[in-house]
Amino acid sequence: MTTTSTHETEITADADVPLVRIIREFDAPPAKVFRAHTDPELVVQWLGPRRHEMRIDHYDCRTGGSYRYLHVSDGNEFGFHGCFHEVRSPELIIQTFTFEGFPDGVALERLVLEDLGDGRTRLTATSLVDSFEGRDAFIASGMEDGVRESYERLDAVLAR
Amino acid sequence: MAADPLSLVFSALADPTRRDMVARLAVGDATVNELAAPYHVTVQAVSKHLKVLEDAGLVSRSREAQRRPVHLEAKVFDLMTKWIERYRRQAEERYRRLDDLLRTMPEAIEPTPTPKTGAQT
Numbered sequence: 001m002t003t004t005s006t007h008e009t010e011i012t013a014d015a016d017v018p019l020v021r022i023i024r025e026f027d028a029p030p031a032k033v034f035r036a037h038t039d040p041e042l043v044v045q046w047l048g049p050r051r052h053e054m055r056i057d058h059y060d061c062r063t064g065g066s067y068r069y070l071h072v073s074d075g076n077e078f079g080f081h082g083c084f085h086e087v088r089s090p091e092l093i094i095q096t097f098t099f100e101g102f103p104d105g106v107a108l109e110r111l112v113l114e115d116l117g118d119g120r121t122r123l124t125a126t127s128l129v130d131s132f133e134g135r136d137a138f139i140a141s142g143m144e145d146g147v148r149e150s151y152e153r154l155d156a157v158l159a160r
Numbered sequence: 161m162a163a164d165p166l167s168l169v170f171s172a173l174a175d176p177t178r179r180d181m182v183a184r185l186a187v188g189d190a191t192v193n194e195l196a197a198p199y200h201v202t203v204q205a206v207s208k209h210l211k212v213l214e215d216a217g218l219v220s221r222s223r224e225a226q227r228r229p230v231h232l233e234a235k236v237f238d239l240m241t242k243w244i245e246r247y248r249r250q251a252e253e254r255y256r257r258l259d260d261l262l263r264t265m266p267e268a269i270e271p272t273p274t275p276k277t278g279a280q281t
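For the protein sequence lines, the chains are A and B, in the order given. Residue 140 in the numbering used here sits at position 140 of the first sequence, and the numbers go up by one each step. Residue 201 in the numbering used here sits at position 41 of the second sequence, and the numbers go up by one each step.
Worth double-checking, as some hints may not be accurate.
Rough simulated footprint, nothing fancy, chain A against chain B, three-plus residues with beta-carbon under 8 Å [unchecked claim]:
| hint | segment |
| --- | --- |
| 1 | 209-220 |
| 2 | 256-264 |
One side of the interface only, derived from the structure: several residues of chain A facing chain B at Cβ under 8 Å [unchecked claim]:
| hint | residue |
| --- | --- |
| 3 | Arg35 |
| 4 | Trp46 |
| 5 | Gly79 |
| 6 | Ser89 |
| 7 | Pro90 |
| 8 | Gly101 |
| 9 | Pro103 |
FYI, nobody ran anything at the bench for these hints, they're computed from the structure. For every residue, glycine included, the Cβ atom is placed at its ideal position computed from N, Cα and C.
Make a model of the complete structure from these sequences and hints.
Written out as structure tokens, the structure reads:
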């Protein structure tokens with residue numbers, strides 16, 4: 001139960017609504033996966049892009065709470081913030097998400113954890129934004145986060 | 161050299177700085193100075209990159225000389241379908257870190273941390 005290679009991330013960008021959906025399975029029960037999303041000391045260990053420092057301003061993951069964090073790279077700071085609309089242990093987190101470089105844009109994010117039994121969990125994360133342009137900008141900003149660390153990968157994609 | 165639009169687009173995007181600029185422009189229009197700011201390169205170098213992106217039809221600029229903002233052309237978003245793959249790989253990277261973290265966590269852990277005393281900022 002320690003291999004991760006079989007749990008490839010699945011991602012779809014819906015053609016009809018401006019939505020991105022990520023599906024991923026984990027070899028851990030929902031309680032652990034949920035904790036890794038709610039405890040800022042754990043969140044900081046995996047959420048940020050690898051080569052950016054992730055700095056948490058505050059992370060109050062409960063219904064009605066809010067968060068703000070920064071990705072810091074080469075002296076540039078990229079801020080993100082939002083509100084936790086609904087947090088239900090250990091299965092659901094609904095939150096808003098704004099990239100501060102594009103402050104009028106907001107995504108509505110839903111994280112669902114399904115207990116698959118045998119200590120396994122299926123995570124489904126959807127991001128709904130307010131326009132296709134916003135969705136594509138959202139994808140682009142995600143790309144920007146990793147652009148310095150993943151050139152070779154884009155090269156591989158473009159080379160196809 | 162191949163002059164078909166797609167080849168121009170791909171060769172324009174073969175350069176990491178130009179890809180970075182495109183990613184920035186996807187968030188919103190920007191002036192040359194704004195584009196040059198984060199890269200530690202000269203405005204001239206950025207202008208050169210912009211020329212390549214312009215020739216490929218990826219960006220456009222209004223006529224007014226100095227402050228004219230650079231605009232990302234919508235058709236670049238056709239390329240997003242390919243770039244989504246890259247986004248997926250980033251999510252995968254993130255979740256592999258989560259895999260590693262989950263392995264180090266104690267078996268019997270509460271799903272939510274005990275709230276700390278004292279106010280959050």
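Worksheet item: Taking 8 Å as the limit, does the beta-carbon of A/Trp46 come near enough to a beta-carbon in chain B?
Response: holds (4 Å)
Discussion item. Less than 8 Å between beta-carbons is the criterion; does A/Ser89 satisfy it with respect to chain B?
Written reply: holds (4 Å)
Practice prompt. With chain B as the partner, please determine if A/Pro103 meets the hint condition of a C-beta pair closer than 8 Å.
Written response: It is violated, given that the least Cβ distance between A/Pro103 and chain B is near 10 Å, above 8 Å.
Discussion item. Given a cut of 8 Å on the nearest C-beta pair, is the interface hint for A/Arg35 held or broken against chain B?
Written reply: With Cβ-Cβ at 5 Å, under 8 Å, it holds.
Worksheet item: Can A/Gly101 be said to touch chain B, with a Cβ gap under 8 Å?
Response: holds (6 Å)
Discussion item. Holds or violated: the hint that A/Gly79 contacts chain B, with Cβ atoms closer than 8 Å.
Written reply: For A/Gly79, the interface hint is violated, since the closest Cβ of chain B sits about 13 Å away, which is over 8 Å.
Fill in: Verdict on chain A covering the segment 209-220 of chain B, where coverage means 3 or more residues with a C-beta closer than 8 Å
violated (count 0)
Item to complete: Check, residue by residue, whether the segment 256-264 of chain B contains three or more positions whose beta-carbon lies closer than 8 Å to a beta-carbon of chain A, and give the verdict.
Response: holds (count 8)
Fill in: Closest C-beta approach of A/Pro90 to chain B relative to 8 Å, hint status
Where the cut-off is 8 Å and the nearest Cβ of chain B is about 4 Å from A/Pro90, the hint holds.
Hints 1, 5, 9 from the earlier list are contradicted by this structure; the remaining hints agree with it.
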